[in-house]
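Trainee: Chains D and A supply the protein sequences, listed in that same order.
In terms of the numbering used here, the first sequence opens at residue 1 and continues consecutively.
In terms of the numbering used here, the second sequence opens at residue 1 and continues consecutively.
A pair counts as met if it fits within one copy or between any two copies, since identical chains are not told apart.
Below, a list of computed lysine to any residue pairs in the SDA-like style, where the Cα atoms sit at most 25 angstroms apart: (1) K475 with R498; (2) K475 with A435; (3) K13 with A487; (4) K445 with Q48.
Derived from the structure by calculation, the hints contain no laboratory data.
This one's a predicted model, so the numbers in the text were calculated from it and none came from an experiment.
There are 2 protein chains.
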Amino acid sequence: MSQGDAELPATPKLRATRLRLHTQHQAVVIMRTDCHVCRSEGLASRSQVLVSSGGREVQATLFQIEGDDLLAIDQIALTETTWKILSLDEDAAVTVTHAPTLESLASVRRRIYGNRLDAHAVGSIVRDVAARRYTDVHLAAFLTASAALPLDEQETIDLTGAMVDVGERLHWDSPIVLDKHCIGGLPGNRTTPIVVAIVAACGLVIPKTSSRAITSPAGTADTMETLAPVDLDIATLRRVVEAEGGCIAWGGAMHLSPADDIFVRIERELDVDTEGQLIASVLSKKIAAGSTHVVIDIPVGATAKVRGEASARHLAERISAVAARFGLSATCLLTDGSQPVGRGIGPALEALDVLAVLRSAPDAPDDLRRRAAALAGAALEIGGKAAKGEGAAAALATLADGRAWRKFQAICAAQGGMRTPPRASHIHPLIAPRAGRIVHINNRKLARLAKLAGAPEAKAAGVYLNVSLGQEIDKAEALLDIHAESAGELAYALEYARRSPDIIEVELSS
Amino acid sequence: MSQGDAELPATPKLRATRLRLHTQHQAVVIMRTDCHVCRSEGLASRSQVLVSSGGREVQATLFQIEGDDLLAIDQIALTETTWKILSLDEDAAVTVTHAPTLESLASVRRRIYGNRLDAHAVGSIVRDVAARRYTDVHLAAFLTASAALPLDEQETIDLTGAMVDVGERLHWDSPIVLDKHCIGGLPGNRTTPIVVAIVAACGLVIPKTSSRAITSPAGTADTMETLAPVDLDIATLRRVVEAEGGCIAWGGAMHLSPADDIFVRIERELDVDTEGQLIASVLSKKIAAGSTHVVIDIPVGATAKVRGEASARHLAERISAVAARFGLSATCLLTDGSQPVGRGIGPALEALDVLAVLRSAPDAPDDLRRRAAALAGAALEIGGKAAKGEGAAAALATLADGRAWRKFQAICAAQGGMRTPPRASHIHPLIAPRAGRIVHINNRKLARLAKLAGAPEAKAAGVYLNVSLGQEIDKAEALLDIHAESAGELAYALEYARRSPDIIEVELSS
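Excised from the complex, chain D in its bound form:
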């Protein structure tokens, strides 16, 4: 089909202005309904547009505004996400056109209808996601489709590889580079800072990058941030690890697997976690971080993320198989997921538990100490610092003699200086309804309680447990304390607790 000559549109330019409007991952720009670009391009509200300036470009959702209160007719307002991607100066000239058709959305549609995707299709999707070309609707559709028909092993491998390919990748000189991860679902259980301190104190290399919470009241990065800066760039992370052997940094700041950071926000909004996405998320970060060996904690319990031993073993096998395809050796430990580990749930409250264990404080939670020692012990055995079966004991010794605590302080100093975790302004106890024995703790509801209290956004917020399974308690004793940074959040959490008598169940003693 030939077309003869068509008049081409003049390049549609506008002056950029920074709005300092925070829209999170959603890239948004605002233009006048009556501006020449909207009219000549036929743009409407919620059109997807391509905004370009100085060789950079970003795809964004257009909102249109009427009248000249906010914008002159030749101005475009950029929200923080778009402003930073384009690195603009005020009044810079930007070009706005219709966003090009995303060919990869055809693959998303095929996946919705139950067709498996090959590496090429998955790669195209992930590249468009990382370039922020997908809207929330597109992202949610892809994640939902890969939950409805779960990703198979090959798709998980392809997704993992594609997520590594679109980000930065670290390389280390050491033949063994250790890493550690917990599958999650268990409130508290903040072993990572302790494990890194022990492993690094024993002379091994463990450049740990962690995520923020997806659906939990705190991620390791959220907790660690109350103790030291975690937004390290790659050069800083390298300097910390070269000096101290280990670090505990937020992975998102260094663009390891950037597509994951976008997927994670949508998963949080949906409150959906799927095996394939979980594996790709975890392993893409580890591979990108240059790890050779990773120890993975899989807590198993009725209200943990993994509920039975069979599914835990399946997950462990799938993780090991996918990891092996990238030359990464994964050691999975199935652990007790019947109740929280440690007493704090929420960033700062978990940090206090970590400090207590590292300092060998008399009231340090022993379950957290033992869990961290088991995981660190596996790493010490892999790294040749302990004989087979003797790793946990070696780890406990490193805690007991203060080496781990000194190493942790050195790491915090190297990351930018140790901090004191904040304390909540509103603390309120939940009182036992009767005297008796603690027979059940619902991890999911406990996590929800901590989140309603404000965790993880409110660092000091969360729940501090006073009881554990099997313990005897008197009437009018506090089962737990709710910590909140605002009266509103405290009220929400208390309202939820009032409606949920089964968060912690107390049975009359016989």
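Start from chain D and add chain A according to the hints.
Mentor: Leaving out everything else, chain A in the frame of chain D:
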């Protein structure tokens, strides 16, 4: 679990200001990061908030802004969607709190994981959707889940009923209330205005409400809007139908099945249409409109929406079964879907075809005349205005003697006055690459071409076909003309045409 006394937060009030920002269905409000409500409530960007004033409330996504250029510390800016729902005055006091947890999202999650939903669960989802409590992420997840595991008959019935229940419902005195619908997928095929004119001219009642385009270059409402106002409220629609027996109105303006209007926007963004959603969408509108009998056109063709006769029969059976559960009788006609019907594709270009048929113009597209007569004929037989097998002939007679044209003019006048469809400012031919015979027309690519040219938002935009299947054509003759309202859109359409030599295939004549 008891809780003792908790201090309750003071009601968090702000002054409302109207931003005149258009965000389509996405309800958005903007607040200062440092305002007392954000701080006391622990709100962050993209928090879901509940905004209340004067007994009305709306759930919205919060974007936060820094600095005092746009807002004073005690102000909240509302986008048009939120402003109109709350019916506010400038500086009205509004309350902002965390949005409550949506219990129905648990059902969405269960559906993602492959569990069927019961009527109660579907009802809860649809009520939250209609109340605009779902974010784009939630909406896309629900629609994707019901595409990945298609809705079964019971779920489709439950969804249809739930969608009727959340909207207005019309009642008519007539024992037979006719309706008409086309499943779509065929560009052009704008029979509805013709069918309504014929059926009403014969003395039957046909209060037709139509939708705007989902994924096509024009919906009936888009086309009809170029001929007369279609945004009728229920009182006006009733007056038009009582006077003339029929109308062609946009359904969205009268809140029949309002959840459908929200689903449709997301389906458009995903470019996904599923059987269950399709049936619920069509039938909920018909049931809400008070119809007793509906004639449904199912075009079948390799590049139409329904590609084979078997799936067309399955769809027809499913439609009839679901309709019957609501006391609605559905008559499905399987029609030729191998090529467009009529010559125009796009709102105004289709309107010109409609006018030509109604006026019995010499160059009126005969395929459109015959298709409309077949559908109107089925309605005339149902309504007892023609004997079995003689409906189409009776319909053609109504066109030939001018009764249908006079009725159509009367309906347009009653709806607010007849209009002349706009003409495009940019028209460009696509020239045949060689002399020969037209052997294939790709409906999907033709529709895409019309959309890239600006349809349906640009009313005059689209494609005007000069050829049909089997026709002989000379080299350098125009296969079609592209109509656009802007040079940019014309350029996009031409660029697509250049990349797609198979939109219309010409074979050398033997």
